[in-house]
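Novice: Protein chains in written order, with the numbering used here: chain A, 74 to 416; chain B, 20 to 346; chain C, 626 to 950.
Each hint should be verified, as a subset may be incorrect.
Take a look, some chain C residues computed to stay more than 12 Å from chain A by CB distance [stated by the list, open to error]:
1. Asp637
2. Leu643
3. Leu651
4. Ile654
5. Val656
6. Ala715
7. Ala727
8. Leu728
9. Leu735
10. Ser769
11. Glu781
12. Arg814
13. Thr815
14. Pro898
In silico SDA-like pairs for lysine to any residue, Cα to Cα no more than 25 Å straight-line [said to hold, decoys possible]:
15. A:Lys215 to C:Ile919
16. B:Lys126 to C:Ile919
17. A:Lys215 to C:Leu649
18. B:Lys126 to B:Gly102
19. B:Lys232 to A:Ile383
20. A:Lys181 to B:Ser275
Derived from the structure by calculation, the hints contain no laboratory data.
Don't be surprised by glycine CBs; every beta carbon is placed ideally from N, CA and C.
Here is how the chains run, residue by residue.
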Amino acid sequence: MEPFLRGAAPAAPRLLSKDLVMAKTNDLRLTSLTATREMILLCAILLVGAAFSFASPYFLTPINLIQTLRAALELAIVSAGMTLVIIMGGIDVSVGGILAVSAIVIGKSYQAGMPPWVVAPIGLGTGAILGAWNGWLTTKFKVPPIIATLGSMYIFSAIMFIVIGGAWISGLPNTLSPLVNGAVFFIPSAALVILFVYGTCWILLRRVPFGRHIYGIGSSEHSAKLVGINVDRTKIITYAILGLLSGFAALLYVARMRNVEINIGTSIALEAIAATILGGTSIRGGVGSLLGTLLGVVFIRIIQNGLVLIGVSSLWETVVIGGLLILVLAVDAIRNRNNLRTQ
Amino acid sequence: MNAILKTAAISLLAATSMIGATQAKDIRIAFVPQIQGIPYYVAMEQGGQAAAKKFGVTYVQQGPTTTSGADQLRIFESFVNQGFDVVAVSPDDVESLKPAIAAAKAKGVHVITSDADAAGSERDFYVAQAKDQDLGYTILDEMVKRVGEEGKIAIISDSPTITSLNNWIAAIQERAKTKYPKIEIVSVDHTDGTAARAFQFATDDMTRNPDLKGIIGIASTTCPGIGQAVDAAGRIGSIVTTGFCSPNTVKDYVMSGAMTYTVLWNPTDLGYLTVWAGKEVAEGRKFGDAIKVDGLDANVQWLADQNILLLGAPMVFTKDNIEKFNF
Amino acid sequence: MIANLATRLQGDPLRARLLLLIGLWLVAIVVMSLLSPYFLQSSTVPYLLQYVPILGLLGLGQTLVILAGGPGIDLSVGAIVSLVGVCVGALISGLGVWPACALGIVLGGLLGLVNGVLVNVLRIPSLIATLATMFVYGGLALASTQGKPMGNFPAEFAWLGQGTTLGLPNAFVFVLLPDAVILHVMLTRTTIGRHIVASGNDDRAAYLSGIDVARVRIGLYVLSGVLAAVGSVISMSWFLSARPDAGTGMELLAVTIAVLGGTHIFGGTGGVPGTIVAILVITTLQIGLQLANISAAWQLGVIGILLVASVASTGAFKAIWGFKR
Numbered sequence: 074m075e076p077f078l079r080g081a082a083p084a085a086p087r088l089l090s091k092d093l094v095m096a097k098t099n100d101l102r103l104t105s106l107t108a109t110r111e112m113i114l115l116c117a118i119l120l121v122g123a124a125f126s127f128a129s130p131y132f133l134t135p136i137n138l139i140q141t142l143r144a145a146l147e148l149a150i151v152s153a154g155m156t157l158v159i160i161m162g163g164i165d166v167s168v169g170g171i172l173a174v175s176a177i178v179i180g181k182s183y184q185a186g187m188p189p190w191v192v193a194p195i196g197l198g199t200g201a202i203l204g205a206w207n208g209w210l211t212t213k214f215k216v217p218p219i220i221a222t223l224g225s226m227y228i229f230s231a232i233m234f235i236v237i238g239g240a241w242i243s244g245l246p247n248t249l250s251p252l253v254n255g256a257v258f259f260i261p262s263a264a265l266v267i268l269f270v271y272g273t274c275w276i277l278l279r280r281v282p283f284g285r286h287i288y289g290i291g292s293s294e295h296s297a298k299l300v301g302i303n304v305d306r307t308k309i310i311t312y313a314i315l316g317l318l319s320g321f322a323a324l325l326y327v328a329r330m331r332n333v334e335i336n337i338g339t340s341i342a343l344e345a346i347a348a349t350i351l352g353g354t355s356i357r358g359g360v361g362s363l364l365g366t367l368l369g370v371v372f373i374r375i376i377q378n379g380l381v382l383i384g385v386s387s388l389w390e391t392v393v394i395g396g397l398l399i400l401v402l403a404v405d406a407i408r409n410r411n412n413l414r415t416q
Numbered sequence: 020m021n022a023i024l025k026t027a028a029i030s031l032l033a034a035t036s037m038i039g040a041t042q043a044k045d046i047r048i049a050f051v052p053q054i055q056g057i058p059y060y061v062a063m064e065q066g067g068q069a070a071a072k073k074f075g076v077t078y079v080q081q082g083p084t085t086t087s088g089a090d091q092l093r094i095f096e097s098f099v100n101q102g103f104d105v106v107a108v109s110p111d112d113v114e115s116l117k118p119a120i121a122a123a124k125a126k127g128v129h130v131i132t133s134d135a136d137a138a139g140s141e142r143d144f145y146v147a148q149a150k151d152q153d154l155g156y157t158i159l160d161e162m163v164k165r166v167g168e169e170g171k172i173a174i175i176s177d178s179p180t181i182t183s184l185n186n187w188i189a190a191i192q193e194r195a196k197t198k199y200p201k202i203e204i205v206s207v208d209h210t211d212g213t214a215a216r217a218f219q220f221a222t223d224d225m226t227r228n229p230d231l232k233g234i235i236g237i238a239s240t241t242c243p244g245i246g247q248a249v250d251a252a253g254r255i256g257s258i259v260t261t262g263f264c265s266p267n268t269v270k271d272y273v274m275s276g277a278m279t280y281t282v283l284w285n286p287t288d289l290g291y292l293t294v295w296a297g298k299e300v301a302e303g304r305k306f307g308d309a310i311k312v313d314g315l316d317a318n319v320q321w322l323a324d325q326n327i328l329l330l331g332a333p334m335v336f337t338k339d340n341i342e343k344f345n346f
Numbered sequence: 626m627i628a629n630l631a632t633r634l635q636g637d638p639l640r641a642r643l644l645l646l647i648g649l650w651l652v653a654i655v656v657m658s659l660l661s662p663y664f665l666q667s668s669t670v671p672y673l674l675q676y677v678p679i680l681g682l683l684g685l686g687q688t689l690v691i692l693a694g695g696p697g698i699d700l701s702v703g704a705i706v707s708l709v710g711v712c713v714g715a716l717i718s719g720l721g722v723w724p725a726c727a728l729g730i731v732l733g734g735l736l737g738l739v740n741g742v743l744v745n746v747l748r749i750p751s752l753i754a755t756l757a758t759m760f761v762y763g764g765l766a767l768a769s770t771q772g773k774p775m776g777n778f779p780a781e782f783a784w785l786g787q788g789t790t791l792g793l794p795n796a797f798v799f800v801l802l803p804d805a806v807i808l809h810v811m812l813t814r815t816t817i818g819r820h821i822v823a824s825g826n827d828d829r830a831a832y833l834s835g836i837d838v839a840r841v842r843i844g845l846y847v848l849s850g851v852l853a854a855v856g857s858v859i860s861m862s863w864f865l866s867a868r869p870d871a872g873t874g875m876e877l878l879a880v881t882i883a884v885l886g887g888t889h890i891f892g893g894t895g896g897v898p899g900t901i902v903a904i905l906v907i908t909t910l911q912i913g914l915q916l917a918n919i920s921a922a923w924q925l926g927v928i929g930i931l932l933v934a935s936v937a938s939t940g941a942f943k944a945i946w947g948f949k950r
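Just chain A, same shape as in the assembly (with noise of 0.2 Å):
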């Protein structure tokens, strides 16, 4: 099945097989596609960096600054698998609903006694599991993935608030919470993971085969499967992969809040997708970068702290953030209006 956004209007021709071709040959020639965006993420959030420590001298101190890190760990960790899913040409809009059940999983064999390398493969399997039936439906189903995942949402919702039944499951153990709040050698252990979870997805796009095949497949499905990429078995990975990491983003979340409730997750999904187009990701997929992406969840964060810090309410939050979405990709689309080249 097409990736949900086929290629661009009438004139602009698709990024082709030859330039999986190329990336294998010149690595440099894929990032190059992003790195403008980086720089200009990176620019923004210097400036809006600066204004915010005009604007209040709190927010340049080390612990604000370790405590937004430390409040971007679960987005960044599921917006590195949301990169790869949308760079594949997919979509999850469902991510909310794995983190949330596989919270409730986590919630549960804690309650039930288990210790916490038991209570992880089982939370990190439940969330791949979850995403790997997102991955079936997107293939073996033919369902587009933004109604996939969609459905997959109300599923997992209906799901979470049957288990949960009412009763927050409260006072869990917060075993694994020095991975996020703690320190190693001065480093926030936040800051640690982070590298780790980048690391490993960076590696899995760039240095493996596997990396390939989800280029290739975002670029174009029917080449890829013309070149002989398993394309169906790599969907299903990718959706575990993202289902799998939203499931350590559980385990975190029960670490640092000892606490499994009803709302976990709404808003997960959307601002995993906004940063990670603010990353220079392109929805239609076959161009994507987890250094933008981390950016993207960085000066999201950064600008709901600053906020904060200045004393504006939060609801002007998502207008914010919205409005420089808006911003970002009107001068992309602009700069690149003459660029054949699909962005």
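Dock chains B and C against the given chain A, drawing on the hints supplied.
Specialist: Coordinates of chains B and C only, in the frame set by chain A:
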């Protein structure tokens, strides 16, 4: 095949008519909470079911999956259409329900509010845990007792569209303005109902105001996040935090000091009282000055001029007494 | 006879979907009446139909936007409902109810125009563009009111949202039905309708045959905004208040209805009757389950399964037919 289908159809019909038959005898009371799936309303349901068993009525509780007025309306109207004798509701958004309440009354259904009021509507009366004003005043008074009459306080609430929460915030702000002019409420933030957002706001509030003396969590959903934030920031003991939280959710934090005290009432009692009151109004009895509720210890009052059935004064939970409660 | 029917259906997926949905609706009615003795009573019809107009209008707008291809989608419709409501609420004291509503509808069109320009002039993919405008519009509605609803609507205004004629809700009879008929006629019998379907089927061919595809699509985004604004007016009339979260969550339901109704997510296939029956099916399921006191959580699950099954079956259906040929 045909025979199987016929038997199935007949037994289904028999089952539904049996349900219909039993329902003709019972008084049926329904309650629509603000949202499904939080411990507070689970506690109310326990109280409601206990009262239902004791008084021989049927009790059903169904809430929306989001704090949306429209979703709640659908559930409210469903109960009216099912011919329930009494429909109680804790409105998310008062305006959305007003026309439906009027329509229900016209059909002969008794409508009462419980846990949150629908001021200006045609509801029979309001079963209140405590008056909105008293709740706001109490939580601020207790805060002032602990931080003094001067200082900065932050407020963290849930969705900005929930009327009852806004009433409590307004009461706190009004109390601060009139009685404690030197108390400065630096911010009112709204979460999306998750502990993570409450955590984020609490952390950022403490960063922004290093001399912040207190944080008040308006909705029970904000409590775990605030407690965790104080713990994670290492501010236990140097900041007073509180909220309208159920003891079980915050027990750990109160014992460790991350939360200093909480203000609440007993939602189980509230649920019990609601069902009792529903039964009274369904059977046509009016409330007098002396209220005696069978099975309930509380000192219930009837405020005739405002049509409010009051459960009692708000309760303050601290390290000393929180262990005694289990809800 | 079945083979004959099947062969005829094979050529027209939209008709097949319509029949499937009608069949599903009938099954749903039967099941719901078995689940609850309160389903088959006269009060159920106005109760049920009360919830149809607003979502129905959004679903119709969504159907057209998706139909014209691109691929097109409009995730901001819910936010437009909220924002238009808030603006109308603010304007009432100065202008009176009906002029304020008229302005609100114009505003809806303008908000839709922004979407149309972003997607078709700037070529920003519709998913992301309308996601961003959803953030902006929704945030504006909430931030400008701080979450508090606005009242002050005169009582006569309630006629549209609360009144009934011949037992059916006025909004259904006087707004949704006429709009559905007009849009259906436009889609199937006029030139512009053919242009819309052509743009959705193959925008390159359409462009080459002289259709201004961009203009058609922009027009449909404007229409989607206008329909959302009308929905907002109905909502305000229903509740006699403008709530800043009036439209929250409606965009995904609108997409669900459109897709369930047979609209193909990449455009080219879709229609009004399918969407209308789809919303009737969903509302019947929701109301029926609610009357049986089956919680809203289960209702969500049913909708999700229905959505996935409906699209999955097309794929499986095609595979089976392909096989048999």
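Novice: Between the alpha carbons of Lys126 of chain B and Gly102 of chain B, is the straight-line distance 25 Å or under?
Specialist: holds (9 Å)
Novice: Closest CB-CB distance from Arg814 of chain C to chain A, is it above 12 Å?
Specialist: For Arg814 of chain C, whose nearest Cβ neighbour in chain A is about 28 Å away, the distance exceeds 12 Å, so it holds.
Novice: Does the claim that Ala715 of chain C lies outside the interface with chain A hold up, using a Cβ gap greater than 12 Å?
Specialist: With a cut-off of 12 Å, Ala715 of chain C remains clear of chain A, as the shortest Cβ separation is near 16 Å.
Novice: Quick check for students: does the CB of Thr815 of chain C sit more than 12 Å from each CB in chain A?
Specialist: holds (24 Å)
Novice: Say whether it holds or is violated: Leu651 of chain C keeps its Cβ farther than 12 Å from all Cβ of chain A.
Specialist: holds (23 Å)
Novice: Report holds if the minimum CB distance from Ile654 of chain C to chain A is greater than 12 Å, and violated otherwise.
Specialist: holds (22 Å)
Novice: Any Cβ of chain A at or closer than 12 Å to Pro898 of chain C, or is the non-interface label fine?
Specialist: Its Cβ never comes within 12 Å of chain A, the nearest being 20 Å, so this holds.
Novice: Per the stated criterion, does the least C-beta distance between Val656 of chain C and chain A lie above 12 Å, as a non-interface residue requires?
Specialist: With a cut-off of 12 Å, Val656 of chain C remains clear of chain A, as the shortest Cβ separation is near 18 Å.
Novice: Closest CB-CB distance from Asp637 of chain C to chain A, is it above 12 Å?
Specialist: holds (20 Å)
Novice: Confirm or reject: Ser769 of chain C is not an interface residue toward chain A, with every Cβ-Cβ distance exceeding 12 Å.
Specialist: Violated, since 9 Å does not exceed 12 Å.
Novice: Going by Cβ atoms, does Leu643 of chain C stay more than 12 Å from chain A at every point?
Specialist: Label holds. Min Cβ-Cβ 19 Å, cutoff 12 Å.
Novice: Run the C-beta distances from Ala727 of chain C to all of chain A and say if the shortest one exceeds 12 Å.
Specialist: The claim stands: Ala727 of chain C keeps its Cβ more than 12 Å from every Cβ of chain A (closest is about 26 Å).
Checked against the numbered hints above, the structure violates hints 10 and 15; every other hint is satisfied.
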